[in-house]
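Q: These are the residues of each chain, in order.
Protein chains: 2
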Amino acid sequence: MTPSYPSQLLESAVGEFAKLPGIGRKTALRLVLHLLRQETADVLQLTDAVSRMKQQVKYCKVCHNISDQDCCPICSDPRRDRSTVCVVENIQDVMAIENTQQYHGLYHVLGGIISPMDGIGPNDIEIESLVNRVGKENIEEVILALSPTMEGDTTNFYIFRKLAPFSNVKITLIARGIAVGNELEYTDEVTLGRSILNRTPFEEK
Amino acid sequence: MTPSYPSQLLESAVGEFAKLPGIGRKTALRLVLHLLRQETADVLQLTDAVSRMKQQVKYCKVCHNISDQDCCPICSDPRRDRSTVCVVENIQDVMAIENTQQYHGLYHVLGGIISPMDGIGPNDIEIESLVNRVGKENIEEVILALSPTMEGDTTNFYIFRKLAPFSNVKITLIARGIAVGNELEYTDEVTLGRSILNRTPFEEK
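First to last, the protein sequences are chains A and B.
Residue numbers for the first sequence follow this note's numbering, so the first one is 522 and each next one is one higher.
Residue numbers for the second sequence follow this note's numbering, so the first one is 522 and each next one is one higher.
These are calculated hints, taken from the structure and not from any lab test.
Mixed in with the good hints, there may be bad ones.
The list treats identical chains as interchangeable, and a pair is accepted whether it falls inside one copy or across any two copies.
Lysine to any residue pairs mimicking SDA-like chemistry, simulated, CA-CA at most 20 Å apart [stated by the list, open to error]:
| no. | residue 1 | residue 2 |
| --- | --- | --- |
| 1 | Lys-683 | Val-652 |
| 2 | Lys-582 | Thr-670 |
| 3 | Lys-547 | Gly-632 |
| 4 | Lys-683 | Leu-554 |
| 5 | Lys-540 | Glu-619 |
| 6 | Lys-582 | Leu-557 |
| 7 | Lys-657 | Lys-691 |
| 8 | Lys-579 | Thr-670 |
| 9 | Lys-540 | Arg-551 |
| 10 | Lys-540 | Leu-550 |
| 11 | Lys-540 | Glu-662 |
| 12 | Lys-579 | Tyr-526 |
| 13 | Lys-547 | Glu-532 |
| 14 | Lys-579 | Glu-532 |
| 15 | Lys-657 | Glu-706 |
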């Protein structure tokens with residue numbers, strides 16, 4: 522029998538693409554054949570961008586956000602409120618919060634959350650460096666902005682305990698409640714219950 | 522405002538991935554951040570595989586299938602029946618038919634189908650070379666295996682007319698009918714009508 526792939530070069534490129542999350546061999550083949558139809562310069566632009574990023578990108582020394590310099594654009598921005606630190610799981614979360622344009626403080630990227638099931642403990646993520654930051658910098662408030670899951674709550678609790686000695690630092694949690702635009706009727710009980718318990722004063726806008 | 526992407530390197534890699542078909546900026550970001558978590562060697566393996574494929578892959582001189590050599594593994598396989606040529610739109614179709622293990626002849630990859638809406642005419646695809654092959658090689662049967670769409674039918678008809686002078690060459694069309702496993706009740710009328718008109722003698726297996 523002749524092999525399924527008529528070309529070894531094609532097969533290895535498909536194999537590499539199929540390693541990416543959410544990309545199966547069929548999709549990988551479609552992507553690779555698309556690249557094959559493009560100009561060589563365009564394809565090399567893709568491979569260059571990826572290898573350059575992988576080799577040159579840095580992580581901010583302060584908040585562990587991704588960055589081109591030693592210090593990320595947020596940490597080095599003088600207009601940012603340096604008294605507030607928002608703790609998030611990963612870089613996507615920083616981008617999601619930045620897109621809201623509602624937050625003007627600094628961040629601290631944990632790089633994961635405590636998840637015993639996946640073998641991730643408190644020492645595998647950037648909790649120690651958060652405690653150091655709170656000890657050294659002039660931080661007044663730490664906002665815990667992890668996903669409201671079992672792992673997120675475990676991590677929140679762990680950080681809360683670690684920061685307990687800094688009695689002058691306020692520790693807050695992002696609000697949990699019914700999502701804007703959702704129907705009350707279809708909201709789960711836990712969320713709806715929380716949103717009643719944590720009701721806020723009505724404000725005319 | 523700080524930019525949405527904390528790193529230019531990240532942004533350009535995301536931009537390149539987002540050019541791929543079916544990949545939006547969110548998926549591109551997820552893929553790129555996944556690559557960022559992998560070993561540098563693994564990432565370079567991906568970029569190498571892609572750039573090597575793009576720069577070194579060839580197209581078979583005979584059937585225009587993708588290949589590592591001047592002649593693809595199917596065309597150079599002596600066990601293949603050289604009297605039959607199956608005309609397909611693209612490389613994926615060759616792979617799909619090969620996977621059935623029901624065909625042992627050669628192929629001819631058109632590299633597209635006639636589609637006036639997309640500006641693809643008969644001269645943009647490998648029809649001329651097909652006519653040349655039929656004129657030169659010892660071909661007894663040409664199987665038209667294009668998708669049963671308006672464009673596929675137009676292309677079939679065009680090829681049929683072009684090959685009409687070769688009166689000793691049989692031109693056949695892959696069977697159209699109800700797909701194996703489908704419910705009769707939910708099959709569209711055109712397909713069902715065709716499957717009745719083109720009924721075949723019942724054979725005990």
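Q: Now tell me, hint by hint, if it's right for this structure.
A: Consistency of the hints with the structure:
1. Lys-683 to Val-652: Classified as within: same-chain Cα gap 7 Å, cross-chain 78 Å, threshold 20 Å.
2. Lys-582 to Thr-670: The answer is neither: 28 Å in one copy and 58 Å across copies each exceed 20 Å.
3. Lys-547 to Gly-632: between (31 Å within a copy, 19 Å between copies)
4. Lys-683 to Leu-554: neither (52 Å within a copy, 29 Å between copies)
5. Lys-540 to Glu-619: Close neither inside one copy (30 Å) nor across copies (24 Å); limit 20 Å.
6. Lys-582 to Leu-557: between (40 Å within a copy, 17 Å between copies)
7. Lys-657 to Lys-691: For Lys-657 and Lys-691, the Cα distance is within 20 Å only inside one copy (15 Å; across copies 85 Å).
8. Lys-579 to Thr-670: Answer is neither; intra-copy 29 Å and inter-copy 51 Å both fail.
9. Lys-540 to Arg-551: Both: 14 Å inside a chain and 13 Å across chains, each within 20 Å.
10. Lys-540 to Leu-550: both (12 Å within a copy, 16 Å between copies)
11. Lys-540 to Glu-662: Cα proximity of Lys-540 and Glu-662: none, with 41 Å in one copy and 41 Å across.
12. Lys-579 to Tyr-526: Result: close only across copies, 13 Å inter versus 38 Å intra.
13. Lys-547 to Glu-532: within (12 Å within a copy, 27 Å between copies)
14. Lys-579 to Glu-532: between (32 Å within a copy, 13 Å between copies)
15. Lys-657 to Glu-706: Cα proximity of Lys-657 and Glu-706: none, with 47 Å in one copy and 73 Å across.
The structure shown violates the earlier hints numbered 2, 4, 5, 8, 11, 15.
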